[in-house]
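Using the sequences and the hints, build the whole thing.
Just so you know, the protein sequences line up as chains A and B, in that order.
Offset between the first sequence (1-based) and my numbering: plus 40.
Offset between the second sequence (1-based) and my numbering: plus 25.
Honestly, the hints are just simulated from the structure, not real lab data.
We put the CB at the ideal spot given by N, CA and C, even for glycine.
Fair warning: there could be bad hints in the mix.
[Unchecked claim] Below, in silico cross-link-like pairs of lysine to any residue (SDA-like), each with a Cα-Cα straight-line distance of 20 angstroms or less:
no.	chain 1	residue 1	chain 2	residue 2
1	B	Lys30	B	Val112
2	A	Lys97	B	Gln27
3	A	Lys97	B	Ser122
4	A	Lys97	B	Thr121
[Stated by the list, open to error] DEER-style ranges, computed between Cβ atoms:
no.	chain 1	residue 1	chain 2	residue 2	range
5	B	Gly108	A	Arg70	32 to 38 angstroms
6	B	Asn32	A	Thr136	29 to 35 angstroms
7	B	His101	A	Thr60	38 to 44 angstroms
8	A	Asn117	B	Arg134	30 to 36 angstroms
9	B	Ser94	A	Arg107	40 to 46 angstroms
10	B	Ser37	A	Leu135	33 to 39 angstroms
11	A	Arg49	B	Ser94	41 to 47 angstroms
12	A	Leu123	B	Gly108	32 to 38 angstroms
13	B	Thr51	A	Thr136	20 to 26 angstroms
14	B	Ser35	A	Thr54	32 to 38 angstroms
15	A	Arg70	B	Lys93	28 to 34 angstroms
16	B	Arg86	A	Ser119	42 to 48 angstroms
17	A	Thr136	B	Tyr64	22 to 28 angstroms
[As the list claims (entries may be wrong)] In silico negatives: residues of chain A with every beta carbon more than 10 angstroms from chain B:
no.	residue
18	Ala42
19	Gln58
20	Thr60
21	His69
22	Arg107
23	Phe109
24	Asn111
25	Asn117
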Amino acid sequence: KAGVTQTPRYLIKTRGQQVTLSCSPISGHRSVSWYQQTPGQGLQFLFEYFSETQRNKGNFPGRFSGRQFSNSRSEMNVSTLELGDSALYLCASSLTLSGTGTYGYTFGSGTRLTVV
Amino acid sequence: DQQVKQNSPSLSVQEGRISILNCDYTNSMFDYFLWYKKYPAEGPTFLISISSIKDKNEDGRFTVFLNKSAKHLSLHIVPSQPGDSAVYFCAAPETTSGTYKYIFGTGTRLKVLA
Numbered sequence: 041k042a043g044v045t046q047t048p049r050y051l052i053k054t055r056g057q058q059v060t061l062s063c064s065p066i067s068g069h070r071s072v073s074w075y076q077q078t079p080g081q082g083l084q085f086l087f088e089y090f091s092e093t094q095r096n097k098g099n100f101p102g103r104f105s106g107r108q109f110s111n112s113r114s115e116m117n118v119s120t121l122e123l124g125d126s127a128l129y130l131c132a133s134s135l136t137l138s139g140t141g142t143y144g145y146t147f148g149s150g151t152r153l154t155v156v
Numbered sequence: 026d027q028q029v030k031q032n033s034p035s036l037s038v039q040e041g042r043i044s045i046l047n048c049d050y051t052n053s054m055f056d057y058f059l060w061y062k063k064y065p066a067e068g069p070t071f072l073i074s075i076s077s078i079k080d081k082n083e084d085g086r087f088t089v090f091l092n093k094s095a096k097h098l099s100l101h102i103v104p105s106q107p108g109d110s111a112v113y114f115c116a117a118p119e120t121t122s123g124t125y126k127y128i129f130g131t132g133t134r135l136k137v138l139a
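Below is the structure:
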């Protein structure tokens, strides 16, 4: 079965712009979580959506937002981009809320965002 | 808040030897702890988990140990193979105000030398 699909794979934006990243979860998975990965910081939790509702949020500024559609696809938006937003953004889907259970999350390959 | 620490940013091991990757967490939880492996340009892939009610889980060459009193996890890979070279993340669950999520460590980059 198809895995988690993230588009685009690479993106270059300038400071002050906004960006929208997309994630299509595994069929049947209703939970989508977003993580930011930067060197030395591991995976930082952004937020989780389950059944079109944001269920959890990490410690990121309000410039980071997301939404989930009725087909469980999710988008993440970052407004007023800053240089420090350059990172790999990973989307993860799970059958259960918050990836609870034996197998946790299935991650996509990520979107590499570079802000110049 | 749950904190997850992987204090070794990198580790080099000879092919065929044992690789031991360590992870410490701060808050005890009754759920699963997870290990993921990540190759460059790919997303993390699930490797192995352990329930908080167990102290060991084995899957082929991979074994995860959980020491609840020390709040410590370790991942053993025996024998190590060059294809195991990747970044390994451990993850521990956290509940805050009724919400639940996984907290990941900063990762350990394993290099297996042929």
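Open item on the list: Confirm or reject: Gln58 (chain A) is not an interface residue toward chain B, with every Cβ-Cβ distance exceeding 10 angstroms.
Closed with: Gln58 (chain A) is indeed farther than 10 angstroms from all Cβ atoms of chain B, at 24 angstroms.
Task: Verdict on Thr60 (chain A) as a residue remote from chain B, using beta-carbon distances over 10 angstroms - done: holds (19 angstroms)
Task: Ala42 (chain A) and chain B, when compared Cβ to Cβ, separated by more than 10 angstroms - done: Holds: least Cβ distance 14 angstroms, greater than 10 angstroms.
- [ ] With respect to the beta-carbon atoms only, verify the hint that Gly108 (chain B) and Arg70 (chain A) lie 32 to 38 angstroms apart.
- [x] With a Cβ separation near 33 angstroms, Gly108 (chain B) and Arg70 (chain A) satisfy 32 to 38 angstroms, so the hint holds.
Task: Distance restraint hint 20 to 26 angstroms, applied to the beta-carbon atoms of Thr51 (chain B) and Thr136 (chain A) - done: holds (24 angstroms)
Open item on the list: Quick check: does the Cβ-Cβ distance between Leu123 (chain A) and Gly108 (chain B) fall within 32 to 38 angstroms?
Closed with: holds (36 angstroms)
Task: 20 angstroms Cα cutoff - pair Lys97 (chain A), Ser122 (chain B) - done: holds (11 angstroms)
Open item on the list: Is 42 to 48 angstroms respected by the C-beta to C-beta distance linking Arg86 (chain B) and Ser119 (chain A)?
Closed with: holds (45 angstroms)
Task: Distance restraint hint 38 to 44 angstroms, applied to the beta-carbon atoms of His101 (chain B) and Thr60 (chain A) - done: Holds, since His101 (chain B) and Thr60 (chain A) (Cβ atoms, about 42 angstroms apart) stay within the stated range.
Task: Cβ separation of Arg49 (chain A) and Ser94 (chain B), checked against the hinted range 41 to 47 angstroms - done: The hinted range 41 to 47 angstroms holds for Arg49 (chain A) and Ser94 (chain B), with Cβ atoms some 44 angstroms apart.
TODO: Would you check the hint for Lys97 (chain A) and Gln27 (chain B), treating anything up to 20 angstroms between C-alpha atoms as holding?
DONE: The given pair, whose Cα atoms are some 15 angstroms apart, holds under the 20 angstroms limit.
- [ ] With respect to the beta-carbon atoms only, verify the hint that Asn117 (chain A) and Arg134 (chain B) lie 30 to 36 angstroms apart.
- [x] Roughly 31 angstroms apart at Cβ, these two residues keep to the hinted range, so it holds.
Checked against the numbered hints given earlier, the structure satisfies every one of them.
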